[in-house]
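*Asks:* Sequence:
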Amino acid sequence: MPSRDDFSVAMPTDDELLENIGTAFSRLRRRTSAVPIDPPVAQTDVRRDLLLAIVEESDGLLSVNAVAAALGMERTAVSRLAASCVAEGFVERVASQTDGRSITLRLTAHGREILAGSRHQQRRAFEYITRDWDHEERLEFARLLHKYVAAASRASSE
Numbered sequence: 013m014p015s016r017d018d019f020s021v022a023m024p025t026d027d028e029l030l031e032n033i034g035t036a037f038s039r040l041r042r043r044t045s046a047v048p049i050d051p052p053v054a055q056t057d058v059r060r061d062l063l064l065a066i067v068e069e070s071d072g073l074l075s076v077n078a079v080a081a082a083l084g085m086e087r088t089a090v091s092r093l094a095a096s097c098v099a100e101g102f103v104e105r106v107a108s109q110t111d112g113r114s115i116t117l118r119l120t121a122h123g124r125e126i127l128a129g130s131r132h133q134q135r136r137a138f139e140y141i142t143r144d145w146d147h148e149e150r151l152e153f154a155r156l157l158h159k160y161v162a163a164a165s166r167a168s169s170e
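Residue numbers (the working numbering): 13 to 170.
Calculated from the structure, these hints are not laboratory results.
Among these hints, one or two may not hold up.
To be verified - If you anchor each label on the Cβ, the simulated ranges turn out as follows:
#1 E148 x R41: 23 to 29 Å
#2 D50 x A162: 19 to 25 Å
#3 L29 x A95: 26 to 32 Å
#4 E170 x I49: 36 to 42 Å
#5 N32 x A162: 31 to 37 Å
#6 E68 x A95: 17 to 23 Å
Predicted model, so just to flag it, every value in this text is computed and none were measured.
Idealized CB from N, CA, C, for every residue including glycine.
Construct all of the structure, not just a fragment, from the sequences and the given hints.
*Replies:* Printed below as a string of structure tokens:
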């Protein structure tokens, strides 16, 4: 039985494609983490990697509260996740450069290695998923995805 994701069954209309983009993003996250690569992507790694990426982007300027806001997660959940990342040696807590009373998070060298490994793993998953695509299709998808991310970043700072 074909899955609902199988476009060869019935190509959706343009309006249906646009109407269901949120569903596609949700499926993308779930299905990418299920790709048979070694080592497999663990759900805990996904949350950890999101935190590490946010901390990397902020260059040590975000508090746990700010990271929670950036991730759209509860502060207590992010606090536990940050504590785990500190214990694993991925991030460190440092005094804020702008307010010595505040604590911010900064990636350690080990955290950078973990994030680089995760990005490599994501690339492998992308290559596996798109193994039947030609090179130009992969590049076009990557370009459009990066364009979307940049637009989302601009929209969220308005």
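*Asks:* Determine for every hint whether it applies to the structure shown.
*Replies:* Going down the list of hints, with the structure as the test:
{"no.": "1", "hint": "E148 x R41: 23 to 29 Å", "result": "holds, 25 Å"}
{"no.": "2", "hint": "D50 x A162: 19 to 25 Å", "result": "violated, 32 Å"}
{"no.": "3", "hint": "L29 x A95: 26 to 32 Å", "result": "violated, 41 Å"}
{"no.": "4", "hint": "E170 x I49: 36 to 42 Å", "result": "holds, 37 Å"}
{"no.": "5", "hint": "N32 x A162: 31 to 37 Å", "result": "violated, 23 Å"}
{"no.": "6", "hint": "E68 x A95: 17 to 23 Å", "result": "holds, 18 Å"}
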